[in-house]
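Participant: UniProt numbering numbers the first residue of the sequence shown as 1 and each following residue consecutively.
Source of the hints: derived by calculation from the structure; they are not laboratory data. One should not assume that every hint holds.
Said to hold, decoys possible - DMTMM-like mimics (lysine to aspartate or glutamate), calculated; alpha carbons at most 20 Å apart, straight line: (1) Lys2 to Glu32; (2) Lys93 to Asp36; (3) Lys2 to Asp39; (4) Lys93 to Glu32; (5) Lys9 to Glu32; (6) Lys93 to Glu21; (7) Lys2 to Asp36; (8) Lys9 to Asp36; (9) Lys93 to Glu37; (10) Lys93 to Glu22; (11) Lys2 to Glu83; (12) Lys2 to Glu37.
Values in this document were obtained by computation on a predicted structure and should not be read as measured data.
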Amino acid sequence: MKHVCPHCKRNIHAPLLSQYEESFRCPHCQQELMHDELDILIYAFVTIILFSTIAVVVLHLHVFIALSLALLLYHFIRPRFIESHFRLRSYPKPPTS
């Protein structure tokens with residue numbers, strides 16, 4: 001997955017969300033980066049609502065079953081198709097006192 005570092009503006013290959021705990025470092029400028037949480041939430045919400053609505057309206061599934069299938073589908077398609085669209089942001093540093 002190609003992303004652009006917000007600090008050095010160079011293309012980097014960001015790891016998958018499952019491959020790091022809280023942050024990862026840019027290989028060029030060594031800044032701590034992470035995927036933007038707002039992007040993760042928006043893509044998840046849109047994908048789950050879209051697939052569950054299609055399952056209810058077109059396939060006439062029960063809402064609970066449609067939501068369960070949509071969540072499962074999102075879990076499997078996120079690493080391959082959706083994570084490449086997440087923006088990167090700087091990892092927030094804890095306040096020093």
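Participant: So, for every hint listed, does it hold in this structure?
Facilitator: To see whether the hints hold, each was checked on the structure:
1. Pair hint Lys2 plus Glu32 holds up; C-alpha atoms about 17 Å apart against a cutoff of 20 Å.
2. Proximity of Lys93 to Asp36 is assessed by CA-CA distance (about 15 Å); at most 20 Å being required, the pair is judged to hold.
3. Simply put, Lys2 and Asp39 have alpha-carbon atoms about 16 Å apart, close enough for the 20 Å limit, and the pair holds.
4. Restraint check for Lys93 and Glu32: the C-alpha separation of about 9 Å stays at or below 20 Å, so the hint holds.
5. With a C-alpha separation of about 14 Å, the suggested pair Lys9 and Glu32 falls inside the 20 Å cut-off, and the hint holds.
6. For the hint linking Lys93 to Glu21, the alpha-carbon distance of about 15 Å falls within 20 Å, and the restraint holds.
7. For the hint pairing Lys2 with Asp36, the CA-to-CA distance comes to about 15 Å; that is within 20 Å, so the pair holds.
8. Distance check on the hinted pair: Lys9 and Asp36 sit about 16 Å apart at the alpha-carbon level, within 20 Å; holds.
9. Annotation: proposed proximity of Lys93 to Glu37 holds, straight-line Cα distance about 16 Å (limit 20 Å).
10. As the CA atoms of Lys93 and Glu22 are separated by approximately 12 Å, the hinted pair is consistent with the 20 Å bound.
11. As the CA atoms of Lys2 and Glu83 are separated by approximately 10 Å, the hinted pair is consistent with the 20 Å bound.
12. Only pairs whose Cα atoms come within 20 Å are accepted, and Lys2 paired with Glu37 is accepted, the gap being roughly 18 Å.
Of the numbered hints listed earlier, not one is contradicted by the structure.
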